[in-house]
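**Q** Residues per chain are reported as follows:
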Amino acid sequence: MSTTDTARTAGAARTPTRPLVEIRRVRKSFGAHQVLRDISLEVPEGTVTVLLGPSGSGKSTLLRCINHLETIDGGRIIVDGELIGYRQAGHATHEMTPRQIARQRRGIGMVFQRFNLFPHMTALENITEAPVGIARIPSATAKARARDLLDRVGLADFAGHYPSQLSGGQQQRVAIARALAMSPKLMLFDEPTSALDPELVGDVLDVMRELADDGMTMIVVTHEIGFARGVADQVVFMDGGVVVESGTAAAVIDTPQRQRTRNFLESVR
Amino acid sequence: MTATRGADARASAAPPAFDATDDDVVAIPLRRPWRVVGGALVLVLVASFAASVLTNPNIDFQAIGAFVFDPRILDGVGLTLLITFIAMVVSTFLAVVVAGMRLSSNPVLVSVAWCYVWVFRGTPLLVQIVLWGYLGLLYESLTIGIPFTDIAFWQADTNALISAFTAGLLALTLNQAAYSSEIVRAGMLSVDEGQREAAASLGMSPLYTFRRVLLPQAMRVIIPPMGNETISMLKNTSLLSVIAVLELYTQATVISSQNLKQVELLIVASLWYLFLTSVLSIPQYYLERRYGRGSSRSLPPTPLQRLRRAIDARRPGPDPAPETKEVRVV
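Just so you know, the protein sequences line up as chains A and B, in that order.
For the first sequence, the positions run 1 to 269 when this note's numbering is used.
For the second sequence, the positions run 1001 to 1330 when this note's numbering is used.
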């Protein structure tokens, strides 16, 4: 834990890199309910951003907007210099076709709360499906790489297992390997440990920590304050669809400036 | 009846072989004499019915034997199978289209699909068959051209084009498509929304997602009822006798109208229907297993596995687990 801390702190102290993700004045409503009110956020390349906040604060919605699983009503999201989900034509922006959106999503990995592994495929097939079927990587290459990834998440012996034969923690680690198989430049984690039994949470967080140490750009929605403090370069506290407070993990978690942040942190502790 | 081992142990005043407790019981199953009585009664009834049939002088068993492989009956069997096959294949394609329309976000497609299912499921199949048989009365000629204009690319006389066979096929196919579309729709709805999202997040296009992720999972739900529908279809082909399609049942009635052995020929037809439906349920097992991958608990056993399991069930079970002597509280 402490070694990870120093590694991350050292990483954060590097010269600031360009933002990989730029979220500018994003608005989003479900019917009359405004979920995101004017959110702006930057995530520098190679850093970890943790989104904290009570349920219904809009953090999962924001995450899902970043790979266009949800459409936004206003503002813009730019990942690696590309406008997400829309095509700029003069002053107007046009929504992309499903095919163009699919192409954009290949560079953004996502891990879900409920794992969402494909139940009719083995762990290995789950990982190779998109590289072989979408990215047209030769099957043998994809399989070798999938085995490497399974090894990396500590599941080398489970390649032939179906999701129903794996524990929740194992399923989530396969899901992480599946997302990594497309070599994404950005990884989104939507409450990756919330559906897990407490004793399985550690394995998943370890994998995420290693990923962060390897320099992956990550945006993580979680309630694991310990993970946020140890790994996050930036912590963003959201409530009621707005960013209440953001800054380094130490600043937001240990010395929160706003009463709402303090109340929330006390309730999770 | 239930002597507790703990009491025995105390009576002999010797330390028990294991840590028996006072509430340890020797379980003796309840005797169920009425099962034997009920079983015997039913067996007697079945035997008397079988005897009454087998010794009935009015049934000509020779004739049944002679007509089972009669060329006309075999022709009928062939036609029944052909109609079942074509109607099921075409109706399944139509069903996927109708289900897709029902699930689309286009209100016009949704309403049209709804109306289609409403009409074809809400009227009797027999009425639909007769109606298609009378198509020639409704439209004298059939035309392919541009709607609401006189421009025609192709035109044909209805009665020449729509034979009894085609009319019957149309009726069965269109009716079946309505039922199957609901089965396909239920299958698609059974797949978790998270699957679509996971596929999307990996950069899969909607069509690829449907083909590789959603459909294989929907198939698990679709196949058992579709197996039922295939068996229903095979039997429903007999309704085509009302428009004189020479399938199995029509052939049997044609023969019996000549030799007046109605019951014998009905038995011949029934034997064939029974045989065909039995054969048809075999591929269903294997399809279910194919699409049941990854959900091992719901895999249906193959007929061979069923047989083996039935034999195993007659054998005594494995030795009981050894006594638990230690309980660890974690």
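None of these hints come from the bench; they were simulated from the model.
Just so you know, these numbers come straight off a predicted model, no measurement behind them.
A hint or two may mislead.
As the list claims (entries may be wrong) - Using C-beta positions, here's what the derived DEER-type ranges look like: (1) B:F1210 x A:S139: 16 to 24 Å; (2) A:Q34 x B:S1105: 20 to 28 Å; (3) A:S139 x B:T1123: 26 to 34 Å; (4) B:L1131 x A:Q100: 45 to 53 Å; (5) A:G226 x B:R1309: 23 to 31 Å; (6) A:D214 x B:A1310: 19 to 27 Å; (7) A:A92 x B:S1111: 30 to 38 Å.
Backbone N, C-alpha and C define an ideal beta-carbon position, used for all residues, glycine too.
**Q** Determine for every hint whether it applies to the structure shown.
**A** Against the structure, the hints come out as follows:
1. B:F1210 x A:S139: 16 to 24 Å: holds, 22 Å
2. A:Q34 x B:S1105: 20 to 28 Å: holds, 24 Å
3. A:S139 x B:T1123: 26 to 34 Å: Check failed, 51 Å falls outside 26 to 34 Å.
4. B:L1131 x A:Q100: 45 to 53 Å: The hint (45 to 53 Å, Cβ to Cβ) holds, given that B:L1131 and A:Q100 are roughly 48 Å apart.
5. A:G226 x B:R1309: 23 to 31 Å: violated, 50 Å
6. A:D214 x B:A1310: 19 to 27 Å: The hint (19 to 27 Å, Cβ to Cβ) is violated, given that A:D214 and B:A1310 are roughly 56 Å apart.
7. A:A92 x B:S1111: 30 to 38 Å: holds, 33 Å
Violated hints, in rising order: 3, 5, 6; the structure is consistent with all others.
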